[in-house]
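Protein chains: 2
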Amino acid sequence: MSTSSPIHVGAVLFDGFELLDFYGPLEMFGLLEGEAKITVVAEKPGQVRSSGGPCGVAEAAMAGSGGFDVLLIPGGIGTRKAMLNPQFLAELTRLAEASQIVATVCTGSFLLARTGLLDRRKATSNKRVFQLVKSSAPKVEWMAKARWVEDGKYFTSSGVSAGMDMTLAVIAKLCGREKSLQIASRAEYEWHEDSSWDPFAAAWY
Amino acid sequence: MSTSSPIHVGAVLFDGFELLDFYGPLEMFGLLEGEAKITVVAEKPGQVRSSGGPCGVAEAAMAGSGGFDVLLIPGGIGTRKAMLNPQFLAELTRLAEASQIVATVCTGSFLLARTGLLDRRKATSNKRVFQLVKSSAPKVEWMAKARWVEDGKYFTSSGVSAGMDMTLAVIAKLCGREKSLQIASRAEYEWHEDSSWDPFAAAWY
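Line order of the protein sequences matches chains A and B. Those letters in the first sequence? Residues 458 to 662, by the numbering used here. Those letters in the second sequence? Residues 458 to 662, by the numbering used here.
No lab work stands behind these hints, which were simulated from the structure alone. Please note that a few of the clues may not be correct.
As the list claims (entries may be wrong) - If you anchor each label on the Cβ, the simulated ranges turn out as follows:
{"no.": "1", "chain 1": "B", "residue 1": "Lys501", "chain 2": "A", "residue 2": "Arg537", "range": "48 to 56 Å"}
{"no.": "2", "chain 1": "B", "residue 1": "Gly633", "chain 2": "A", "residue 2": "Ala659", "range": "35 to 43 Å"}
{"no.": "3", "chain 1": "A", "residue 1": "Lys630", "chain 2": "B", "residue 2": "Pro502", "range": "53 to 61 Å"}
{"no.": "4", "chain 1": "B", "residue 1": "Lys630", "chain 2": "A", "residue 2": "Gly609", "range": "41 to 49 Å"}
{"no.": "5", "chain 1": "B", "residue 1": "Pro502", "chain 2": "A", "residue 2": "Thr496", "range": "41 to 49 Å"}
{"no.": "6", "chain 1": "B", "residue 1": "Leu541", "chain 2": "A", "residue 2": "Arg577", "range": "32 to 40 Å"}
{"no.": "7", "chain 1": "B", "residue 1": "Ser461", "chain 2": "A", "residue 2": "Asp472", "range": "44 to 52 Å"}
{"no.": "8", "chain 1": "B", "residue 1": "Ala601", "chain 2": "A", "residue 2": "Thr550", "range": "44 to 52 Å"}
Unchecked claim - Computed footprint of chain A on chain B; a stretch qualifies when at least three of its residues, placed anywhere within it, have a C-beta under 8 Å from a C-beta of chain A:
{"no.": "9", "region": "495-505"}
{"no.": "10", "region": "639-649"}
Using N, Cα and C, we set each Cβ at its ideal position, and we do this for glycine too.
Please model the entire structure based on the sequences and the hints provided.
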């Protein structure tokens, strides 16, 4: 893997994204300060409404963007509509193929699965809709108990807050574990460093 | 305390706010779905840049807003500039006085302390700059080891991710503990329900 310096993070927005899926990981990348640069992209630039209400802002169109060092794909109720949009899916596929690392949170894994890029790969998603995700994308080797899963360049995480733990694992891969520990401490965040930690798997089965 | 239905959350943005201070709590309020309504306010409506880079969006001006059921004040490097802005501080004071609950995250506590409203109250803030906060606002009874502190209508939390634990405590107060447990489970978030849990106090002393 060859990443640029600073690490260029591309973060994908769509209507109905889940706030913490998106901003939890971006908080961690943001704490890399000069070592990372974040670009928020969407189908078109401008304001994009979250499922919770508040809007995010896309600075650039997906179509005008090249690959990133890390491509972040959040989940949220809006994934259901986004995965039925052929133009969005085509751009997502192109960006995922052109990026060094692709990291998905919650039902963002389900969205990425629709591109076919997770076929025959290990992946996880949130646990509340796990059976639906599993039956809808049967070529993916879905892991029922995992905070996050790394398979090749793909990092996929469980629901919502799991994206922060996964992101610290991505940062550890790119910048070393010590950097992730520093960032977790600055965010006063208790990093679940063990990717098999997943009490929520039991809660929903 | 008398809150409206749905619970009206006012969330304050300023340049250089910390992403997770803001969107972590808003994720939790957002999961109340129809039971809460979020309005993002700032000195003027429009895009507001975070310390990490991505912009948030304020829908309304603070000056045009009345009090809220919950007023959320994030922290971030931008608090240093915001606390030197008399017009911003005047509006923050007015909104805090008119709101039923005021909840601050990280250096958002320091910002609120500048209004004088935390004088002679117990409060906490993030631990990395705790000594600075303590010496700069000596009339506040700063608690060195606390994930969050509740004193009257004021909830103040430790750094960044502590805002989520505090918000679940606010929701428990307004809607009952069962609701907070449901929301934490939906967000696959391990709620630190004990407000005295604070390993980060030791890390910085």
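Taking the hints in turn, this is what the structure says about them:
Distance hint check: the CB atoms of Lys501(B) and Arg537(A) are about 35 Å apart, inconsistent with the given range 48 to 56 Å. Hint check: Gly633(B) to Ala659(A), Cβ distance near 24 Å, so the stated range 35 to 43 Å is violated. At about 40 Å, the CB distance of Lys630(A) to Pro502(B) disagrees with the hint of 53 to 61 Å. Between Lys630(B) and Gly609(A) the CB atoms are about 46 Å apart, so this pair conforms to the stated range of 41 to 49 Å.
At about 24 Å, the CB distance of Pro502(B) to Thr496(A) disagrees with the hint of 41 to 49 Å. Checking the proposed 32 to 40 Å range against Leu541(B) and Arg577(A) shows it is violated: the Cβ atoms sit about 57 Å from each other. For the pair Ser461(B) and Asp472(A), the beta carbons lie near 27 Å from each other, so the given range of 44 to 52 Å is not met. Between Ala601(B) and Thr550(A) the CB atoms are about 51 Å apart, so this pair conforms to the stated range of 44 to 52 Å.
Counting residues of the region 495-505 of chain B whose beta carbon lies closer than 8 Å to any beta carbon of chain A gives 3, which reaches the threshold of three, so the coverage claim holds. For the region 639-649 of chain B, the stated coverage by chain A holds: 7 residues have a C-beta nearer than 8 Å to a C-beta of that chain, and at least 3 were required.
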